[in-house]
Amino acid sequence: EDQVTQSPEALRLQEGESSSLNCSYTVSGLRGLFWYRQDPGKGPEFLFTLYSAGEEKEKERLKATLTKKESFLHITAPKPEDSATYLCAALRGTSYGKLTFGQGTILTVHP
Amino acid sequence: EPEVTQTPSHQVTQMGQEVILRCVPISNHLYFYWYRQILGQKVEFLVSFYNNEISEKSEIFDDQFSVERPDGSNFTLKIRSTKLEDSAMYFCASQRSETQYFGPGTRLLVL
Numbered sequence: 132e133d134q135v136t137q138s139p140e141a142l143r144l145q146e147g148e149s150s151s152l153n154c155s156y157t158v159s160g161l162r163g164l165f166w167y168r169q170d171p172g173k174g175p176e177f178l179f180t181l182y183s184a185g186e187e188k189e190k191e192r193l194k195a196t197l198t199k200k201e202s203f204l205h206i207t208a209p210k211p212e213d214s215a216t217y218l219c220a221a222l223r224g225t226s227y228g229k230l231t232f233g234q235g236t237i238l239t240v241h242p
Numbered sequence: 182e183p184e185v186t187q188t189p190s191h192q193v194t195q196m197g198q199e200v201i202l203r204c205v206p207i208s209n210h211l212y213f214y215w216y217r218q219i220l221g222q223k224v225e226f227l228v229s230f231y232n233n234e235i236s237e238k239s240e241i242f243d244d245q246f247s248v249e250r251p252d253g254s255n256f257t258l259k260i261r262s263t264k265l266e267d268s269a270m271y272f273c274a275s276q277r278s279e280t281q282y283f284g285p286g287t288r289l290l291v292l
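Protein chains in written order, with our numbering: chain A, 132 to 242; chain B, 182 to 292.
So that you can see chain A by itself, here it is in the shape it has in the complex (with noise of 0.2 Å):
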């Protein structure tokens, strides 16, 4: 069964305090990864994707990363409008589009 575990599940950051969310996966034949972000009581809103073990993507303070086995979301100087949950998905080389979604990291960061 494909599983996708997001770490840590709540991340407390000052403004201008950089760090990195982690997604593992275990996905017979990967063929995308997926980074969403969630604002409260709203629908996913996608970031990036990533198909292959060494690809990065990059968009103002969001960087992503994808190992064989993981994917890092990397924020740098962080501001307060990047507070929200961060969602990865994985599609899986066989399906017709079914994502399979981690249980999000909730970012805040204080002014």
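Among the hints, erroneous ones may be present.
[Claimed, not checked] The calculated DMTMM-like cross-link candidates involving lysine to aspartate or glutamate, where the alpha carbons are at most 20 Å apart (straight line), are:
| hint | chain 1 | residue 1 | chain 2 | residue 2 |
| --- | --- | --- | --- | --- |
| 1 | A | 173 | B | 225 |
| 2 | B | 223 | A | 132 |
| 3 | A | 190 | B | 279 |
| 4 | A | 173 | B | 184 |
| 5 | A | 188 | B | 279 |
| 6 | B | 223 | A | 187 |
Treat the hints as calculated values from the structure; they're not laboratory data.
Could you slot chain B onto chain A? The hints should help.
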């Protein structure tokens, strides 16, 4: 920028009643999905839909659930006889290429 829209934003129903949740996917997308998120839990895949057929469904998606694309723009999820445990946030997503874009969700409360 095109967005997935969902209606209603909130729905309260009595146990045993039928509900229909509606979604308007992004116009040139071809693949459609429903997910749900019970409060405090992971986002869970329900069903994928392509070319007017179900491509894949989860164990959650039993005979009480059905999906339909009644016209060129809407995509619906019907729950025939709601149960208390169906209370959740329901997200519609549409896809082009490998990326799924999510709507804002419908919060369903079954009393």
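Status of the hints after comparison with the structure:
The hinted pair formed by residue 173(A) and residue 225(B) meets the criterion: a straight-line CA distance of about 15 Å does not exceed 20 Å. This hinted pair checks out: residue 223(B) and residue 132(A) have alpha carbons roughly 15 Å apart, not beyond 20 Å. This hinted pair checks out: residue 190(A) and residue 279(B) have alpha carbons roughly 19 Å apart, not beyond 20 Å. Between residue 173(A) and residue 184(B) the CA atoms are separated by roughly 13 Å; this keeps the pair inside 20 Å, and the hint holds.
A C-alpha spacing of about 16 Å is found between residue 188(A) and residue 279(B), which places the hinted pair at or below 20 Å, so the restraint holds. At roughly 25 Å between alpha-carbon atoms, residue 223(B) and residue 187(A) are farther apart than 20 Å, so this suggested pair is violated.
Of the numbered hints given earlier, the model fails hint 6 alone.
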